[in-house]
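First to last, the protein sequences are chains S and F.
Under the numbering used here, think of the first position of the first sequence as 1, with each following residue one higher.
Under the numbering used here, think of the first position of the second sequence as 1, with each following residue one higher.
If you're looking for bench data, these hints aren't it; they were derived computationally from the structure.
Where a beta carbon is used, it is the ideal one built from N, C-alpha and C, also for glycine.
Don't take every hint at face value.
[Said to hold, decoys possible] Over the 10 Å line for every Cβ pair with chain F, so calculated as not near, a few chain S residues:
1. 38
2. 39
3. 46
4. 49
5. 53
6. 89
7. 129
[What the hints assert, rightly or not] Here are some chain S residues the structure puts well away from chain F; computed CB gaps all over 10 Å:
8. 57
9. 79
10. 105
11. 127
12. 138
13. 143
14. 148
[Claimed, not checked] Partial chain S-side listing against chain F, Cβ under 10 Å, derived:
15. 20
16. 22
17. 25
18. 51
19. 90
20. 149
21. 150
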Amino acid sequence: MPTSTLVANESSTAGQTDARAGKYLTFQLAKEEFGIRVLKVREIMGLQEITAVPQTPMHIKGVINLRGKVVPVIDLRLKFGLDAAEYTQRTCIIVTQVQGESGLIPMGIVVDGVSEVLNLTAQEIEDTPDFGEAVTGQYLLGMAKVKGKVKILLDIDRVLSSQDLHGLTAILT
Amino acid sequence: MREENDTSRKLLKLMEVVDEVAFQASILALQASVAAAGAGENGLGFARTADEVRDLARRGAQAAKEPAVPLPHSTSSRKPFPVGEGERIF
């Protein structure tokens, strides 16, 4: 008897916030730690040659050749309005798969460094606090509490908004 | 003296290479973790292997940062002793 109630409890708590629980790839950006869903990540690579494309916004660094496929690359520091930083040996490109109108679009983001793959439970994830009306927190999935620190979980589909995607597909096609 | 400088330079170079290799290995291990996560249940064993590779990479990087022989001291500590030509301490 007690075992069956336990199982029932577990499944009900998992059901509540279960959408956000799971594995996240964490990376550093300007001393903060961010996380994106592992299933959104296609590839992680060290920095490689980025071909700049003229007449694109500052945060779009250009395109890379990913095994024969041209993939746009965005500098997440610039996208978030942070100070630009020199690229180092630790700088990485995370190739993500962003939901576009016509399916998944590969897009690279430049980050200061990748950290680890974390398995987050629903208990470790908290809702984004309300920062007031002026702040749009739409691109935030929540805050992860890990070892006394807070990691910011990003909804990469919303970070790389349709604006960027439209602009880029126009350039690339 | 020149020989010693040469050796330390070579050692430093070697440590840089170890550090670089460790970094590449850690990225590959992360990549493997990501791929394992994509495979769901089937990737659990693979995820463990990836974790272990990453741990190895971390140890490699640590070793490159803290070499067993403190390089700068080795030259200064030898100075007072009259070391003959071609003679080696280690």
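Going through the hints against the structure:
Under the 10 Å C-beta cut-off, the non-interface status given to residue 38 of chain S relative to chain F is violated; the minimum distance is some 4 Å. The Cβ of residue 39 of chain S does not lie farther than 10 Å from every Cβ of chain F; its closest approach is about 6 Å, which violates its non-interface assignment. Its closest Cβ contact with chain F, about 6 Å, brings residue 46 of chain S to no more than 10 Å, contrary to its assignment away from the interface. Non-interface status of residue 49 of chain S relative to chain F is upheld: no Cβ of that chain comes within 10 Å, the nearest being about 17 Å off.
At roughly 26 Å from the closest C-beta of chain F, the C-beta of residue 53 of chain S stays outside 10 Å, upholding its exclusion from the interface. Once the 10 Å rule is applied to beta carbons, residue 89 of chain S is inconsistent with being away from chain F; the minimum gap is 7 Å. The Cβ of residue 129 of chain S sits about 28 Å from the closest Cβ of chain F, beyond the 10 Å cut-off, so the non-interface label holds. The claim that residue 57 of chain S is not at the interface with chain F holds, since no C-beta of that chain comes within 10 Å of its own (minimum 28 Å).
Every C-beta of chain F lies more than 10 Å from that of residue 79 of chain S, the closest at about 22 Å, which supports listing it as non-interface. Distance to chain F confirms residue 105 of chain S as a non-interface residue, since its nearest Cβ pair spans about 17 Å, more than 10 Å. Under the 10 Å C-beta cut-off, the non-interface status given to residue 127 of chain S relative to chain F holds; the minimum distance is some 24 Å. Every Cβ of chain F is farther than 10 Å from the Cβ of residue 138 of chain S; the closest lies at roughly 25 Å, confirming the non-interface assignment.
Taking the minimum C-beta to C-beta distance to chain F, about 21 Å, the non-interface status of residue 143 of chain S holds against the 10 Å cut. Listed as outside the interface, residue 148 of chain S is consistent with that label: its C-beta sits roughly 21 Å from the nearest C-beta of chain F, beyond the 10 Å cut-off. With a cut of 10 Å, the hint placing residue 20 of chain S at the interface with chain F is violated, because the nearest CB-to-CB distance is about 15 Å. For residue 22 of chain S, the interface hint holds, the least distance from its beta-carbon to any beta-carbon of chain F being 8 Å, beneath 10 Å.
A distance limit of 10 Å between C-beta atoms decides the matter here; for residue 25 of chain S the minimum to chain F is near 6 Å, and the interface restraint holds. Look at residue 51 of chain S: its Cβ only gets to about 22 Å from chain F, farther than 10 Å, so that hint breaks. Annotation: residue 90 of chain S was flagged as interfacial toward chain F, and the flag holds, the nearest CB pair being 7 Å apart, inside 10 Å. For residue 149 of chain S, the shortest C-beta to C-beta distance to chain F is roughly 19 Å, which exceeds 10 Å, and the interface hint is violated.
Against a cut-off of 10 Å between C-beta atoms, the interface hint on residue 150 of chain S is violated, since the closest Cβ of chain F lies about 21 Å away.
Of the numbered hints given earlier, the model fails hints 1, 2, 3, 6, 15, 18, 20, 21; all others are met.
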